[in-house]
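Visitor: Each chain is listed here by its residues.
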Amino acid sequence: MRRHLRVFRVQLRISIASAMAYRANFLVEGVLSIAYSALTLLPLFVVYGARASFNGWDLSAALIVMAYFTALQALLGGIVSPSMRDLVERVRNGSFDYVLLKPLDAQAAVLASRCRPWSIFDLLAPIAMLVYAFGHRGYPPSPGELALGFALFMTGALAMCSLWITCAALVFWVGRLDDLLYLLGAIFDVAKWPVAVFPGPWRIIFTFVIPVPMMTTFPAMALLGSLHTHQIIGTVVGSATLFVASRLIWRAAIRSYTSASS
Amino acid sequence: MRLHGSEIARVVKAFPTLLRVGVSETVAFRMAFLIWILTATQPLVMMSLMTFIARGQGFRGYSAPAFIAYYLAALIVRQLTGSWVSSRMTEEIRMGTLAMRLLRPIHPFYTFLASQLAAIPLRAAISVVLAAILLATSGAATLPHDLTQLVLAPISITLSWLISFSVFFTIGSLALFLTETTALGTAYFALFSLFSGYLMPLDTLPQPIPVLAGWLPFKFMLAVPVMVMTRELPITTCLHMLGGQLVWVALTLALARWTWHRGIKRFESVGS
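Sequence lines, in order, name chains A and B. Just so you know, we're using the numbering used here here: the first sequence kicks off at 1 and counts up by one. Just so you know, we're using the numbering used here here: the second sequence kicks off at 1 and counts up by one.
Derived from the structure by calculation, the hints contain no laboratory data. As the structure is a computational prediction, the values presented were derived from the model and not from experiment. Note that beta-carbon positions come from the ideal geometry of N, C-alpha and C, so glycine has one too. A hint or two may mislead.
To be verified - Footprint (simulated), chain A over chain B, 3 or more residues, beta carbon under 8 Å:
| hint | stretch |
| --- | --- |
| 1 | 53–60 |
| 2 | 203–215 |
| 3 | 247–257 |
As the list claims (entries may be wrong) - So, partial list: chain A residues that the calculated Cβ filter (under 8 Å) puts toward chain B:
| hint | residue |
| --- | --- |
| 4 | Ala-35 |
| 5 | Leu-39 |
| 6 | Tyr-139 |
| 7 | Leu-180 |
| 8 | Ile-187 |
| 9 | Asp-189 |
One chain only, chain A, in its complex shape (with noise of 0.2 Å):
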């Protein structure tokens, strides 16, 4: 454990000095994360400048699950996505070999070998957001509550985690895979809707298919105390469930990774 410890702080250091190299990019990166948390919210307001609530759920509510959308969004773009962007590459081009070899579980290695340390601002604008929604609340949530939302955004993080390496798992039987990376996180973007404004159909779907509202919805519950027992019980065991899956089918996807270059 103090071995891995030690390896994802020198990671780290690396990633700030390579993210520092472009630094242009670096500039416009941290503009943009600005800018981007305000295009997400343009439309909230909009439908809700319209009518006060959805099916239950008013401009606060929609926007506490907007928090933990974006939350989920900067660990995404801060670590997992550059992460599996990486393992690809490196399966692709035969240097996945020095992973292995590496005295590491490679799976944490793999998620620990990119990150874009800029993102680190984008979970400013989440709490901007959890502040701005409890002030028109006009209360706050209490300690339990306030407890559980936390301990379901570590479960969704963890379905979210799971979920993304599952599908990078697939490049070592499919080869070139980044846009099928693309693709869940177009997919994922619907998170950011509590899952009951959208009509049946598509709940159930994103329910069942694309476990998305145990990622946003329901911690966003749990935070306003609307969250039943049942649903804390699905949310944990289905992150439970998908964290379980994604190691199994890592492990079978290594077993037949034969090495590009030897």
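Got chain A sorted already, so can you dock chain B onto it with the hints?
Guide: Relative to chain A, chain B alone:
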């Protein structure tokens, strides 16, 4: 892109071959192509959301069927005019393989143009399906059925394809200065979603945005062809909008040419 007589002849002669290569390229990477197409699902999500919201009393002048028509048309325009030339250029510049392209006796602008044009048949096949759905769901009654306007629609889409290609070529050329343009691509997409009407119809957005959109190219890449396709408009209005598109074709082509020209002098072929 400065064309001498001999170069025009060369481009014309090589173009059919370039197109054939492009078509086989698209077919060879059909899986990637298909996935790329599925990625543009945002209009579908927004469509289901907005129709749900507009049920009954409508939303800012749009009824639920009007939203369906709008977003399906937006999807058609996006399928037909999208291109990945900027990411291809960035990759070639970063890897240094652009050098190989420069050695050919035809300006890269035309080789890229041909490879993007070649993807059109496959894109069109998908758009036809979308158009059929559009017609079935919205019905001919709500869609424009003035013949002149129907003729203008494909012209408008062609013009927006030209603007899009020039814009993507410009972004790709910027990689000659910046090496890494992923962030730039994201910035572009953010501006595009907002000011082109891709995210939401421009007339449903709060005030400074629709006015600003009139002065930016994005509206002419998506909102204009969508309006020509889905709304009964006076022909003079249509022609006026197409005129705007022509102006932007000229401006963005000039910009693409200028950026490439300035940038290529700095190209050192990183990988070789």
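Visitor: All the hints need checking, so say for each whether the structure fits it.
Guide: Status of the hints after comparison with the structure:
no., hint, result
1, 53–60, "holds (count 3)"
2, 203–215, "holds (count 3)"
3, 247–257, "violated (count 0)"
4, Ala-35, "6 Å, holds"
5, Leu-39, "5 Å, holds"
6, Tyr-139, "28 Å, violated"
7, Leu-180, "6 Å, holds"
8, Ile-187, "7 Å, holds"
9, Asp-189, "7 Å, holds"
The structure shown violates the earlier hints numbered 3 and 6.
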